[in-house]
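Listed below are the residues making up each chain.
Number of protein chains: 2
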Amino acid sequence: MSWIKVVGIGPGSSEDLTFRAAKALKDSDVVVGYTTYINLIKPLIEGKMVIVSGMRDEVERCRKALELAGKGLKVSLVSGGDPGVYGMAGLLLEVALKGGAQTEIEVIPGVSAVNSAAAILGAPLMQDFAVVSLSDHLVPWEVIEKRLSLAAQADFVIAIYNPGSSERPENLSRAWEILMRHKKPDTPVGIVRKASREGQSVAITRLDKLPEYNVDMSTIVVVGGESTFISGRWIITPRGYRV
Amino acid sequence: MSWIKVVGIGPGSSEDLTFRAAKALKDSDVVVGYTTYINLIKPLIEGKMVIVSGMRDEVERCRKALELAGKGLKVSLVSGGDPGVYGMAGLLLEVALKGGAQTEIEVIPGVSAVNSAAAILGAPLMQDFAVVSLSDHLVPWEVIEKRLSLAAQADFVIAIYNPGSSERPENLSRAWEILMRHKKPDTPVGIVRKASREGQSVAITRLDKLPEYNVDMSTIVVVGGESTFISGRWIITPRGYRV
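Residue numbers (my numbering), protein chains in the order written: chain A, 988 to 1230; chain B, 988 to 1230.
Rather than coming from a laboratory, the hints here were simulated on the basis of the structure. Just so it is clear, CB atoms sit at the ideal spot from N, CA and C, and this is done for glycine as well. You may find that some hints are simply not true.
[Stated by the list, open to error] Taking lysine-lysine pairs in the DSBU-like style, the calculated list, with each CA pair at most 30 Å apart, reads:
hint: 1; chain 1: B; residue 1: Lys1035; chain 2: B; residue 2: Lys1085
hint: 2; chain 1: A; residue 1: Lys1010; chain 2: B; residue 2: Lys1085
hint: 3; chain 1: A; residue 1: Lys1013; chain 2: B; residue 2: Lys1181
[As the list claims (entries may be wrong)] If you want the ones that stay clear, here's a sample from chain A, every Cβ over 12 Å from chain B, calculated:
hint: 4; residue: Met988
hint: 5; residue: Ser1000
hint: 6; residue: Thr1023
hint: 7; residue: Lys1035
hint: 8; residue: Gly1041
hint: 9; residue: Lys1058
hint: 10; residue: His1124
hint: 11; residue: Pro1198
hint: 12; residue: Tyr1200
hint: 13; residue: Gly1227
hint: 14; residue: Arg1229
[Stated by the list, open to error] If you want the footprint, here are the derived chain A segments under chain B, 3+ residues with CB under 8 Å:
hint: 15; segment: 1001 to 1012
hint: 16; segment: 1103 to 1114
hint: 17; segment: 1137 to 1151
hint: 18; segment: 1155 to 1166
Produce the entire structure from the sequences given, and follow the hints as far as they go.
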């Protein structure tokens, strides 16, 4: 029987995959994905039919996966991190529903980039947190601003995806101004680039100094809450236990 | 050399572990954890020294792990889901800092319960989202209310941990009233109990009907955003692509 599994491969190297994700790749006839992610899992898909596509071809990639499954193949659609967090899960389901596809679909969760970045920083997310993408390619900028502002007022720890884009270099500085309005200037900030991948880099700083750092689209910025503190190489938001 | 690894074992069965987590367990001399989680990974730790403790012994569990590492042992401190999301990472670091422990500590991320629940529901988190725990054991209830209210006003998809407690049965109904003030009554809601474990159950409903459902501490409730929709057994929040 044919199927499509949307496979979350985790943030980086193949050791961050779950056994379930690895099994799905192994059981599939064909693996479909964006170049970067396919390269990360190369050792696991040797000998498989692979269909690689570029960054902005997401809809086309889903159509292709559905077409192949329609021909009776078992298809893994690869997604970086967790497929449900700015990944391929939603889009595949939307394209499948629109086309009336009858294929069996399963979403296999993975370690999301935000959890990976948090682990590298120590434990910044230990209380309630919000996840916001600064990419206004698909969401109006005013909506993003409103979310940042209210999340900061609610004292959420805030994890920011897609903080730096060459097309929209001003987005992070506008986001920073909003955060500075509602969070203290010395709020701990962690900046993790290429979490758990080759070339990983980590910086720990405070909110008022964030503009001094370079960030790009493979960076996650974690902005602490009121109780978050820095100690050595760790950022910790206490859960509230008496220690 | 001794170390402590805080090992995220994912939401459920051992197939949800990453290879890195499994390797840490394999390499350790002793495994420390809460009964439920130890039972979930039993096949992976056969023959290991295991120290099991009850639910409210978190601080003691961390002290024990540090004491064992201080004696030169390699210690895995097991945490359900991701150790950085209401898990053991923060507490271990706090206890280690307080005691001036020199042990090498690493946090190994896992698939968090919220990502697992989302995968089961389809793709409800595809836009910005907030994660809130209703447990007021460690956080004042007023803070939780404020976070829920502002997150709902910001149109975040909201994932709720610890929605139902026998000690605090009123928390969910108070949270529900707040959400009803700012989200539409027909907002899609997914209720996942024991995500990815034996006895898993899933319900899909709308916000105004949430009080009709039983939830407990092993349930995650996902409340959609304005654009979230239900189709068959899926809840989808469109990312915004033109499909």
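Exercise. Against chain B, does Thr1023 (chain A) keep a CB gap of more than 12 Å to every residue?
Worked result: Per Cβ check, Thr1023 (chain A) is outside 12 Å of chain B; nearest 18 Å; holds.
Exercise. Taking a Cβ-Cβ distance under 8 Å as contact, does the segment 1103 to 1114 of chain A have three or more residues in contact with chain B?
Worked result: holds (count 10)
Problem set entry | Verdict on chain B covering the segment 1001 to 1012 of chain A, criterion of 3 CB contacts below 8 Å | holds (count 9)
Exercise. Does Lys1013 (chain A) pair with Lys1181 (chain B) here, judged by a C-alpha cut-off of 30 Å?
Worked result: Between Lys1013 (chain A) and Lys1181 (chain B) the Cα gap is close to 27 Å, so the pair holds against 30 Å.
Exercise. Arg1229 (chain A): least C-beta distance to chain B exceeds 12 Å?
Worked result: Answer for Arg1229 (chain A): violated, closest chain B Cβ roughly 7 Å.
For this session: Decide, holds or violated, for the assertion that all CB atoms of chain B are farther than 12 Å from the CB of Ser1000 (chain A).
Result: violated, 9 Å
Problem set entry | Whether chain B covers the segment 1155 to 1166 of chain A (at least 3 residues having a Cβ closer than 8 Å to its Cβ atoms) | It is violated: at least three residues are needed, and the segment 1155 to 1166 of chain A offers just 0 whose Cβ sits closer than 8 Å to chain B.
Exercise. Does the claim that Met988 (chain A) lies outside the interface with chain B hold up, using a Cβ gap greater than 12 Å?
Worked result: holds, 18 Å
For this session: Mind checking the alpha carbons of Lys1010 (chain A) and Lys1085 (chain B) for me, to see if they're no more than 30 Å apart?
Result: violated, 42 Å
Exercise. Are there three or more residues in the segment 1137 to 1151 of chain A whose C-beta lies within less than 8 Å of some C-beta in chain B?
Worked result: holds (count 6)
Exercise. Checking the smallest CB distance to chain B, is Pro1198 (chain A) really beyond 12 Å?
Worked result: holds, 22 Å
Exercise. Is the Cβ of Gly1041 (chain A) farther than 12 Å from every Cβ of chain B?
Worked result: holds, 15 Å
Violated hints, listed in ascending order, are 2, 5, 10, 13, 14 and 18; each of the other numbered hints is respected by the structure.
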